[in-house]
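Residue numbers (UniProt numbering), protein chains in the order written: chain A, 1 to 397; chain B, 1 to 397; chain C, 1 to 397; chain D, 1 to 397.
What the hints contain is simulated information worked out from the structure, not anything from laboratory work. Heads up, some of the hints might be wrong.
[What the hints assert, rightly or not] Label pairs and their calculated CB-CB ranges:
id	chain 1	residue 1	chain 2	residue 2	range
1	A	Leu3	B	Ser8	20 to 28 Å
2	B	Thr118	D	Arg188	42 to 50 Å
3	B	Thr118	D	Thr118	39 to 47 Å
4	C	Ser356	B	Ala313	39 to 47 Å
5	D	Gly265	B	Gly133	26 to 34 Å
6	A	Thr232	B	Thr118	56 to 64 Å
We put the beta carbon where it would ideally sit given N, CA and C, even for glycine.
Number of protein chains: 4
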Amino acid sequence: MTLHNVRSETPRLGVAMIGSGLMAKSHTMGYRNVEGMYGSSPYRPHFAVLADAKENLARSGAESLGYGRWTADWREAIAAPEVDVVDIVTPNWLHKEIALAAIAAGKHVYCEKPLAVTAADAREMYEAAEAVGVKTLVGFNYLRNPAIAEARRLVGTGALGNIWTLQGRFVLDACSDADVPFAWRFDRKLAGSGALGDLGAHVVALARALAGPISSVCGLSRTFIRTRPAATGAFGYGSDADLGAPRREVENDDATTFLMEFASGASGHIEASRTATGRPYHLSIELIGSKGSLQFVQQDIHTLRLYLDDDAAEHKGYRQIELGPAHGDYGAFWPFPGVPIGLHELKTIEVHEWLSAIADDRCPDGDFKEGWLVSEVLEAVERSVAQRRWVDVEKSS
Amino acid sequence: MTLHNVRSETPRLGVAMIGSGLMAKSHTMGYRNVEGMYGSSPYRPHFAVLADAKENLARSGAESLGYGRWTADWREAIAAPEVDVVDIVTPNWLHKEIALAAIAAGKHVYCEKPLAVTAADAREMYEAAEAVGVKTLVGFNYLRNPAIAEARRLVGTGALGNIWTLQGRFVLDACSDADVPFAWRFDRKLAGSGALGDLGAHVVALARALAGPISSVCGLSRTFIRTRPAATGAFGYGSDADLGAPRREVENDDATTFLMEFASGASGHIEASRTATGRPYHLSIELIGSKGSLQFVQQDIHTLRLYLDDDAAEHKGYRQIELGPAHGDYGAFWPFPGVPIGLHELKTIEVHEWLSAIADDRCPDGDFKEGWLVSEVLEAVERSVAQRRWVDVEKSS
Amino acid sequence: MTLHNVRSETPRLGVAMIGSGLMAKSHTMGYRNVEGMYGSSPYRPHFAVLADAKENLARSGAESLGYGRWTADWREAIAAPEVDVVDIVTPNWLHKEIALAAIAAGKHVYCEKPLAVTAADAREMYEAAEAVGVKTLVGFNYLRNPAIAEARRLVGTGALGNIWTLQGRFVLDACSDADVPFAWRFDRKLAGSGALGDLGAHVVALARALAGPISSVCGLSRTFIRTRPAATGAFGYGSDADLGAPRREVENDDATTFLMEFASGASGHIEASRTATGRPYHLSIELIGSKGSLQFVQQDIHTLRLYLDDDAAEHKGYRQIELGPAHGDYGAFWPFPGVPIGLHELKTIEVHEWLSAIADDRCPDGDFKEGWLVSEVLEAVERSVAQRRWVDVEKSS
Amino acid sequence: MTLHNVRSETPRLGVAMIGSGLMAKSHTMGYRNVEGMYGSSPYRPHFAVLADAKENLARSGAESLGYGRWTADWREAIAAPEVDVVDIVTPNWLHKEIALAAIAAGKHVYCEKPLAVTAADAREMYEAAEAVGVKTLVGFNYLRNPAIAEARRLVGTGALGNIWTLQGRFVLDACSDADVPFAWRFDRKLAGSGALGDLGAHVVALARALAGPISSVCGLSRTFIRTRPAATGAFGYGSDADLGAPRREVENDDATTFLMEFASGASGHIEASRTATGRPYHLSIELIGSKGSLQFVQQDIHTLRLYLDDDAAEHKGYRQIELGPAHGDYGAFWPFPGVPIGLHELKTIEVHEWLSAIADDRCPDGDFKEGWLVSEVLEAVERSVAQRRWVDVEKSS
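Produce the complete structure using the sequences and hints provided.
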C-alpha cells in the first residue's frame with residue numbers, strides 16, 4: 001500500500017468569530033489559507049465557534065464558513081475553552097465591550113477598524129490588553145499590501161531623502177445615492193464618525209507607517225445627504241431601503257478632508273469620502289521626498305510607482321515596479337511578478353502576521369496601540385472641524 | 001448550553017490532486033474557498049490524496065495543502081475509492097496518460113492547459129470522456145474572469161454590432177534572461193510548443209469565447225534564446241541554473257504571433273511570448289465591432305472598458321466599467337464594485353463552475369472538447385509557421 | 001497670368017510685447033497663428049514693438065519673434081501710436097505699473113498671471129481699466145482648454161447634479177533641487193507668494209469657473225528648501241546657479257495646500273507645489289457632484305473623463321471622452337478627435353478669445369476682474385496660513 | 001528716439017503650397033513658427049503662392065494662411081521665380097506628376113505621405129530628385145517626435161540589447177460609420193491602398209527607424225464596409241454624404257495587419273485601421289529587446305516608457321520618462337519637461353529639419369528615398385495579402 005497518511009504537526013489554534021458579515025468571511029478565508037499559501041504556518045486554525053446576535057445569521061455563517069459551533073451569545077463564544085483567539089467583526093460600538101471581555105478571559109483579540117468609537121475607548125482597550133499580556137491586532141488590511149511593505153522599506157533606506165509631503169485618499173461612492181438606507185454607520189453613537197472613521201482610519205494608519213506620527217490637523221467635513229430612508233435590514237450599506245418610511249437624519253460625515261503636520265516636519269492632506277460619485281473604490285497614496293517619491297493606487301495593486309531623483313538625467317522618470325517575490329509577502333502568492341493580489345488575500349497576509357506574532361510572542365504590526373493612536377488623530381480632526389482651526393493631536397506616538 | 005453544533009448537509013466530493021506545484025496550490029485553494037466565498041456549494045471537498053513522483057514533494061504538498069494522504073504513484077491516487085474527481089496539474093506530457101486512466105476509472109477530470117501535447121491526443125482524451133460520460137474541465141482560468149463573462153454577455157446582446165477584429169496578447173518576461181535554465185517547458189516532446197501552448201492557449205480560448213471558431217491562421221515564431229543552461233531542479237521556470245553545465249538547445253518557440261480569420265468573417269491576431277522583456281504579466285484583449293468595442297487587461301482586473309457608438313455625440317468615449325455584483329461571479333467576493341480579484345480567486349470561480357456542472361449533470365464551460373478545439377488552432381499555427389503560408393484549422397467547432 | 005494677388009481685408013491690430021521670455025514667445029505664437037488655425041480672425045496682428053529692460057534680449061527677441069521695432073524702455077512701446085494692445089509678460093512686480101500706464105494711454109491690456117503681487121493692486125488695475133473702458137485679459141491659459149470648456153458646459157446643464165467637491169492640483173518639480181538658484185520668484189516683494197501665486201492661481205481660476213465663488217479657505221504652506229544659491233542670470237527657474245556665492249533665504253512658499261468652501265456650499269481643496277519631486281508638470285481637477293463627476297489631467301489634454309450616475313447599471317463607469325470638433329475650439333486645430341493640443345496652442349485659443357472680445361466690444365472670459373478675484377482668494381489663503389484658522393475671502397464675486 | 005528698427009539677416013525662402021486642406025495649414029504653421037519657436041532659423045519663409053484646383057479654395061486658403069498669391073494651376077505656382085520649395089499636400093495620385101515637375105524646375109520638394117500610389121512611382125520620384133540634386137522630404141511627422149528621437153538614440157547606444165520584436169499600431173475610427181461618404185481615399189486608382197498606405201506608412205517609417213530594414217511580410221486585409229454613399233464635397237473623410245445617391249464600392253482596405261521579419265532577425269507586426277471603433281486616434285509602438293524595452297503612445301506624447309533589465313532587482317520596472325529639454329527638439333518648445341507637444345508642432349520640428357538640411361546641403365531624415373523604401377514594404381504587404389503567404393520586400397535598404 002503506497003498511500004501514506006499525513007500527520008500534521010502544526011499546532012492548533014481555536015478561533016471564535018464574533019460577527020457573521022463580510023469581514024467574518026474575509027477573516028475566516030485568511031485563517032484557512034495561510035498554511036496552503038505560505039507552504040507552512042505557525043498554527044493550523046480550529047474554527048471553533050461563530051457568534052451573531054441573530055440566530056439565523058449565526059447558524060448559516062457557521063455552516064458556510066466551516067465553524068464547528070454557533071451561538072447567539074458572544075460571551076459563550078469567548079468562554080469556550082477551545083477558543084484561543086477572538087475575532088471581532090461587529091459594528092463599531094460593540095468592539096469595546098467584546099474586546100474587554102475577551103482580554104479578561106485571556107484570549108488574543110483581532111478586531112476590525114476603527115478600533116473604537118472614541119479615542120478614550122481605544123486607549124482603554126489597548127491598556128487592558130497590555131495589562132493582561134494578550135496579543136492584539138487591528139484589521140488595517142492595507143498595511144499588509146506588499147506595495148506598502150516595499151514603500152516602508154524604501155522610506156527606511158532613505159532612498160526618498162527627507163519626506164516632504166504625503167497625500168492620501170480613500171474615497172468611494174457607496175453612499176452617493178440619497179436612497180441608500182440609514183444603517184448603523186450613519187448613527188454617531190453606534191459608529192462614531194462617518195467616512196472619517198470608516199475610510200480615513202485606513203489612510204491614517206498608512207500615513208503613520210510611511211511618514212511617522214501626525215502632530216496637528218485641520219479638517220473640513222460635509223454631510224451632503226442630510227437624511228436617508230430607514231433600512232429594512234440591519235447591517236451595512238447594502239441593506240434595502242424602506243422608501244415609504246420617514247427619513248432619518250444622518251449624524252456623521254459623508255466626506256472629510258484634512259490638512260496635517262507630521263512630527264517630522266512633513267505635511268500633507270487626507271481625504272475620505274463615502275459619496276465620491278463615480279469612484280467605487282479608490283485608495284491612493286503619494287509620498288514626496290527631497291530625493292524621490294512614491295505613488296500607490298490600491299486598484300493597481302500589482303504595482304508601486306517609484307521616482308528616484310538620482311537616475312541618469314535622460315532616463316529619469318517614475319518607474320512602475322511590478323511587485324513580485326522580491327517584495328514582502330507577495331511571493332507567498334506567485335513566483336513571478338505583476339499578478340494582482342485580491343483584497344481577501346491581503347487578509348491572508350494579515351492573518352499570517354497575526355499567527356506569526358502569537359507564535360513569536362511579539363506585538364504584531366498594527367496592534368491595539370496603533371489602533372488607539374489612529375483614533376487620536378481621527379478625534380483631533382473632529383475637534384478641528386468643530387473649532388474651524390488647527391488642533392494638536394492628543395498623543396501621537 | 002447555547003453553543004450549537006453545526007451539521008453540514010453539503011455532500012462530500014473526494015479530490016485527488018496529481019502534481020504538487022503552483023497549480024496544485026491554486027486548485028486546492030479553489031476547492032477550499034468555494035463554500036465560504038459563495039455562501040454555499042454543491043459539494044464540500046474532501047482532500048483525499050495528493051500524488052507526486054517525488055516523495056518529498058508529495059509529502060510536503062499534502063501536508064501544507066491539507067490532504068489526508070500522499071503517494072508517489074498517481075495510479076494509486078486515481079484508484080482510491082474515496083476519490084471522485086482527479087485534478088491533473090503535472091507537466092503537459094503526462095496529461096494524456098493520467099486523464100485516460102482517470103476516465104477509465106470513472107472519475108471526473110479537471111486538467112490544466114494545454115490539454116495535451118498534440119491535438120490528436122487532446123481529441124482522444126475528449127472522446128474517451130464522452131464515451132464514459134464523466135465530466136471534464138480544462139484550467140482556462142481567464143475564461144472565469146467576471147470581465148470576460150460580461151464581455152461575452154455584451155457580445156451576445158449584439159451591443160457591439162458585427163465583430164470585426166480581435167487582438168489578444170499574453171506576454172511575459174519570465175524567460176527573457178538567457179540564463180533561465182532549461183526546464184521541461186523548453187522540450188518539444190514534453191511540452192509541445194513553447195509560448196504558443198503555454199500562453200497562447202489562454203488567448204485562443206478567450207478569442208473563441210468572444211468571437212467564435214477560428215477558421216484559418218498564419219503565424220510567425222521565434223526562439224530568441226537558442227540554448228539554455230541545465231536546471232538543477234526539475235520543474236518550472238523558477239529552478240536554479242547550473243551555469244557550469246553544457247547548455248542545451250531550446251526546442252520550441254519563445255514568441256509566436258499569428259494572424260487569424262474567424263468563421264464569422266472577423267479577423268485578428270494573437271501574440272504569445274515568454275521573452276517580452278519588461279512585461280512580467282500582460283494579458284489583454286481588444287474586440288472591435290461595428291457598433292462598439294471592448295478592451296480588457298488582466299492586470300486591471302477590476303475593470304472592463306466598453307465603447308458604444310450610439311452614446312450621445314459629445315459624451316462618446318470608452319467607459320471604464322468597474323466590475324461589481326452586477327457582473328457574474330464578482331458578487332461572491334465583494335458586495336461593492338471595483339475591487340481587484342486575485343488570480344487564485346479566479347480558480348475559486350473555476351471550481352465553482354466545476355462543482356456546479358457536476359451537481360447539475362451538465363458540461364462545464366471550458367471542457368475537454370474546448371481544450372481539444374483550442375489545440376487544433378495551436379497546431380494549425382505551428383503548421384503555418386513551418387509552411388510560411390495561411391493554413392486552415394483542422395476542425396474549428 | 002493666373003497668379004492672383006491676395007488682398008486681405010482683415011483689419012490690423014498693433015501689438016506691443018513687454019518682456020522677452022517664454023511667455024513673450026507663447027503670446028506671439030498665439031497672435032501669429034489665430035487666423036491660419038481658425039481660418040479667419042477679427043484682426044491680423046501687426047507686431048509693432050517688443051520691449052525688454054535688457055537691450056540684447058529686446059533686440060534678439062524682436063528679431064526671432066518678428067517684431068518691427070525694439071526698445072529697452074517699455075514706456076516708449078506703450079506710447080507708440082501704431083500700438084493698440086499691450087501684452088505684459090514681465091515678472092509679477094512690474095505688472096501693475098505697466099498695466100496702469102497702458103490703460104492710461106487707452107490701450108487694451110493682456111497680462112500674465114498672477115495679475116499683481118497683492119489683491120489691492122489687482123483691484124486697482126481692474127478698476128482703472130473699467131474707468132477707461134479698455135479691454136483686459138489675464139493669461140489663465142488652462143481656462144482655454146477645450147476640456148475645461150466642455151466641463152463648464154456640462155456643469156451648466158446640470159448633468160452632474162449639485163456640485164459637492166472639487167479637488168485641484170498644480171504641482172511640478174522645477175524647484176525640488178536645492179541648487180536651483182534664487183530668482184525673482186523666490187523674493188516676496190517681487191513675486192508675492194511662491195507656488196501659491198505661480199501655480200495655485202491657475203487652479204483657483206479653474207475652480208471658480210467650474211464651481212463658482214470661493215467663500216472661505218484654510219491653508220498650510222511649507223518652504224522645504226530654506227536657502228538657494230544666487231543666480232547668474234536674472235530670470236526664471238532655469239538660470240544657472242552660482243554655487244560659490246552665499247546662499248539667499250527663500251521668502252515664499254514652495255508648496256501650499258488649502259481647504260476651501262464655495263459660496264454654493266460645495267467644498268474642496270487645492271494643492272500647489274514647485275517641489276513635487278517626480279512630477280514635472282501635473283495639473284489636474286476632479287469635480288464630484290450628486291449625479292455625476294468629472295476628471296481632467298492637463299497632460300492627457302486630449303481627453304475629459306466623465307461619469308454619469310444615470311447610465312445603465314451594468315454599463316456605469318467613467319467614460320473617456322476624446323475631445324474633438326464637437327468641443328469648443330478644438331475644431332480649429334483638427335477635424336477629428338483625440339489629438340493632443342500643445343500648450344502654446346492654448347495661447348492661440350486665448351488670443352482668439354482676446355481678439356474676438358475686442359472686436360465684439362465685450363469683456364473676455366478671464367479679464368482683470370477675474371484676475372483680481374483670484375488674487376483675493378490667494379491672499380485669504382496666506383492670511384489663513386498665518387493665523388492657522390479658516391478665514392473668509394474678502395470679496396468672492 | 002529709443003524705438004529701434006529690426007533688420008533681420010535671415011535669408012528668405014520662397015514657398016509654394018500645392019493644396020489647401022488640413023496639411024496645407026499644418027505645413028504653413030510649421031514654416032511660420034520655426035524661427036520664433038527655435039529662436040533662430042536658417043531661413044525665413046516667404047509665403048509666395050498657394051495653388052488649388054478649386055479657385056475658391058485657393059483664394060480663401062491663401063488669404064487665411066497668409067500667402068501673397070493664389071492660383072488654380074499648380075504649374076504656375078512651381079514656375080514662379082520667387083519659389084524655392086514646393087510643398088505637395090494634394091491627394092496621393094497627384095504627388096508624382098507635381099513632384100516630377102517641381103524637380104525638373106530645380107525646386108526642393110516636400111511631399112505628404114504616402115509618397116506615391118505605387119512603389120515604382122515612388123522610386124521614379126526619388127531617382128529624379130537624385131539626378132537633379134534637389135532636396136526632398138516626406139511628411140512622416142511622427143519621426144519628428146522627441147520621444148522617437150530619444151528611442152532611436154537609445155537603440156543606437158545598445159541599451160536595449162538585441163532588438164527582438166516591434167509591434168506598431170495606427171488605428172482610428174474615422175471610417176467606422178458606414179455612412180462616411182466615398183472620398184478619393186477609398187478609390188484604389190487615386191489613393192492606392194487604404195488604411196495601409198494612409199496610416200500604415202507612418203508605422204513602417206517608425207519601424208524602419210527603430211529596427212532597420214524589413215525583409216519579408218505577410219498580411220491580412222479587410223474591407224468591413226463594402227459600399228459607401230457618394231460625397232457631396234470632394235475631399236477628405238469629413239465631407240458630407242449624399243445618402244440618397246447610389247452607394248459606391250470601396251476599393252481598398254479598411255484594416256490591414258501584417259507580420260514582418262526584419263533584416264536583423266527581429267520580428268513583429270503592424271496594424272493599420274480606419275475602422276477601429278472607439279479609437280479616434282491611436283498610434284503606438286512597443287519595441288522589445290534582450291536587455292530592455294520601449295513603449296510609446298502618440299496620445300501620451302509627453303512621455304516615453306523605458307525598461308532597462310539591469311536596473312536593481314527590487315526597483316526594476318518600466319519608467320515613464322517625461323520628455324524635456326534633454327530630448328531632441330523638445331527644448332525648442334518648453335524649458336521644463338512633461339508638456340504635451342501638439343501635432344501641428346511636430347510639423348514645426350519637421351520644417352526645422354527641412355530648412356536645416358537645405359541650409360546644410362544634406363539629405364534630411366525621411367527623404368524621398370525613405371518614402372520609396374516604405375512604399376516597397378507597403379506593396380509587399382499587398383502582394384502577401386493577395387497570395388496568402390509570406391513574400392520578400394523588393395528592396396529594403
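Holds or violated: the 39 to 47 Å window for the beta-carbon distance between Thr118/B and Thr118/D?
Because 45 Å falls inside the window, the suggested range holds.
Is 56 to 64 Å respected by the C-beta to C-beta distance linking Thr232/A and Thr118/B?
holds (59 Å)
With 39 to 47 Å as the target window, see if Ser356/C and Ala313/B comply at their CB atoms.
Between Ser356/C and Ala313/B, where Cβ atoms are some 25 Å apart, the hint is violated.
A range of 20 to 28 Å was offered for this pair. Does it hold for the Cβ distance of Leu3/A and Ser8/B?
holds (26 Å)
Note whether the CB distance of Thr118/B and Arg188/D lies within 42 to 50 Å or breaks it.
holds (44 Å)
CB-CB spacing for Gly133/B and Gly265/D relative to the 26 to 34 Å hint
At roughly 51 Å between Cβ atoms, Gly133/B and Gly265/D fall outside 26 to 34 Å, so the hint is violated.
Consistency note: the structure conflicts with the earlier hints numbered 4 and 5.
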